[in-house]
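If you want the building blocks of each chain, they are given just below.
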Amino acid sequence: MNQTAQLLKKRKDTILEKWIENQLTDESLREDLITNDDLRRQSEELLNGILTAVEKGNYTDIYSGEFEQVTDILSDISVTRARQGFTPRETTTYVLSLKQALTDVLEQELRDQPEILYKEMLQITKLLDSLSIYTFETYLRGREEVILRQTDEINEISTPVIRVWDGILALPIIGTLDSSRTQIVMENLLQEIVNTGSNIAILDISGVPAVDSLVAQHLIKTVSATRLMGAECIISGIRAEIAQTIVHLGIDLSNIKTKASLASALQLAFSMLALEVKKKNVGTQTKLIR
Amino acid sequence: MDRIPILKMGPFLLVTIQVDLYDRLALSLENDLITMVSNTGARGVLIDISAVNIVDSFMGRILGNIASMSRIMDAETVVVGMQPAVAITLVELGLTLQGVHTALNVEKGMDLLYDKTDLLTTQQQEENEEELDDYND
Numbered sequence: 000m001n002q003t004a005q006l007l008k009k010r011k012d013t014i015l016e017k018w019i020e021n022q023l024t025d026e027s028l029r030e031d032l033i034t035n036d037d038l039r040r041q042s043e044e045l046l047n048g049i050l051t052a053v054e055k056g057n058y059t060d061i062y063s064g065e066f067e068q069v070t071d072i073l074s075d076i077s078v079t080r081a082r083q084g085f086t087p088r089e090t091t092t093y094v095l096s097l098k099q100a101l102t103d104v105l106e107q108e109l110r111d112q113p114e115i116l117y118k119e120m121l122q123i124t125k126l127l128d129s130l131s132i133y134t135f136e137t138y139l140r141g142r143e144e145v146i147l148r149q150t151d152e153i154n155e156i157s158t159p160v161i162r163v164w165d166g167i168l169a170l171p172i173i174g175t176l177d178s179s180r181t182q183i184v185m186e187n188l189l190q191e192i193v194n195t196g197s198n199i200a201i202l203d204i205s206g207v208p209a210v211d212s213l214v215a216q217h218l219i220k221t222v223s224a225t226r227l228m229g230a231e232c233i234i235s236g237i238r239a240e241i242a243q244t245i246v247h248l249g250i251d252l253s254n255i256k257t258k259a260s261l262a263s264a265l266q267l268a269f270s271m272l273a274l275e276v277k278k279k280n281v282g283t284q285t286k287l288i289r
Numbered sequence: 000m001d002r003i004p005i006l007k008m009g010p011f012l013l014v015t016i017q018v019d020l021y022d023r024l025a026l027s028l029e030n031d032l033i034t035m036v037s038n039t040g041a042r043g044v045l046i047d048i049s050a051v052n053i054v055d056s057f058m059g060r061i062l063g064n065i066a067s068m069s070r071i072m073d074a075e076t077v078v079v080g081m082q083p084a085v086a087i088t089l090v091e092l093g094l095t096l097q098g099v100h101t102a103l104n105v106e107k108g109m110d111l112l113y114d115k116t117d118l119l120t121t122q123q124q125e126e127n128e129e130e131l132d133d134y135n136d
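Which chain is which? The protein sequence lines are A and B, in order.
Under numbering that gives the first Met the number 0, the final residue of the first sequence carries the number 289; numbering is consecutive throughout.
Under numbering that gives the first Met the number 0, the final residue of the second sequence carries the number 136; numbering is consecutive throughout.
With the rest of the complex left out, here is chain A (with noise of 0.2 Å):
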């Protein structure tokens, strides 16, 4: 064991509580999103942790096995917080305020031998600095996790099949169609096919905003497609301005068939599937009840 390292074991107690002090006096502290003792619980983890650590006098790579609980707690802590809501500086400032009690334990220690001093506080200081880059990058880590995880969901509520009738189904969508959102809706959409047995697939375009060449390829893409599973697929909700564009780039929609409204489409699709949908006489059935 080397000398700074059995001289900071020594000195634990103190550097917890300066530690704790340093965050609890520090304004970025976020009383509402983590109670004082869970602080306190989860910086003496960490402190333990790092401690054990150095034991050997390993002060520079923090991808060694005896930092693997350090490494561990760090990235469970800032993958928390970045759920939580903290923001990236009260994270690193959570380390780094770590570092400012380490060195004033150490300058009271080593007082008398400068020399000493300024070795052991270069190392320490160069510890703490790879630790906190480390948190910050499970930081960052994990907001990007919220983020795909996000995407994910709002690409899954984005596309929906709906069974509309027997054989019938709708499918919305709604939010720029690009190659990725493309293939889900494709996939989506067959498989519902597959699922259902249906005979048609309305895909309703009324919520997405725009229509250049690159959707409209997309579009004939998903409609050929399901033509080669054997169902017929119509193109509802065309605006006016979706048409002009369509016009204007010159695509060719002549052999697929197009509706304005989700309304036309249903209707084309009970006429092809030779379905009748006839309005009740109400009006003669009430008059012979009374």
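Since the hints were derived computationally from the structure, they do not count as laboratory data.
One or more hints might be untrue.
[To be verified] Pair ranges (Cβ atoms, derived):
1) A:Glu275 <-> B:Asn127: 18 to 26 Å
2) A:Val281 <-> B:Ile71: 53 to 61 Å
3) B:Arg60 <-> A:Glu275: 38 to 46 Å
4) B:Asp133 <-> A:Gln190: 44 to 52 Å
[Claimed, not checked] Facing chain A, from chain B, some residues (calculated, C-beta under 10 Å):
5) Val79
6) Pro83
7) Glu91
8) His100
9) Ala102
[What the hints assert, rightly or not] Capping the alpha-carbon separation at 25 Å, the derived lysine-lysine pairs in PhoX-like fashion look like this:
10) A:Lys258 <-> A:Lys220
11) A:Lys125 <-> A:Lys17
12) A:Lys11 <-> A:Lys125
13) B:Lys107 <-> A:Lys220
14) B:Lys107 <-> A:Lys256
15) A:Lys11 <-> A:Lys118
16) A:Lys258 <-> A:Lys277
17) A:Lys98 <-> A:Lys55
18) A:Lys256 <-> B:Lys115
All C-beta atoms in this analysis are idealised placements derived from N, C-alpha and C, irrespective of residue type, glycine included.
Since the structure of chain A is already known, use the hints to place chain B on it.
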């Protein structure tokens, strides 16, 4: 060598592909099928590919070829049971199988064939005969 069986079902030929088609098998299928069409004078060909998981441009072309060859011999071609993944792959490859009819399953494919060839199913024939009998009575 493997061979894909071709079954005669009334005026139609039924082919169910249960293995992944490699090129030589696809070619021999094309050959056998066209010979069968000409020998039996079939009016329609139904190809079930519901068990096919992998498709390449070659197989897409073979299917297209079978359809065009059958058409000039007065037989319609219906491909049924295509898996979603296969459909997406074909579209991505730019093969939309023009001139090939498609249906969701064998049952719907058969209906489509009867529809396209203006032939009557046995059930319809019976109904017609009954009507005719009623009319004669």
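query: Does the structure break any of the earlier hints, and which numbers would those be?
result: none
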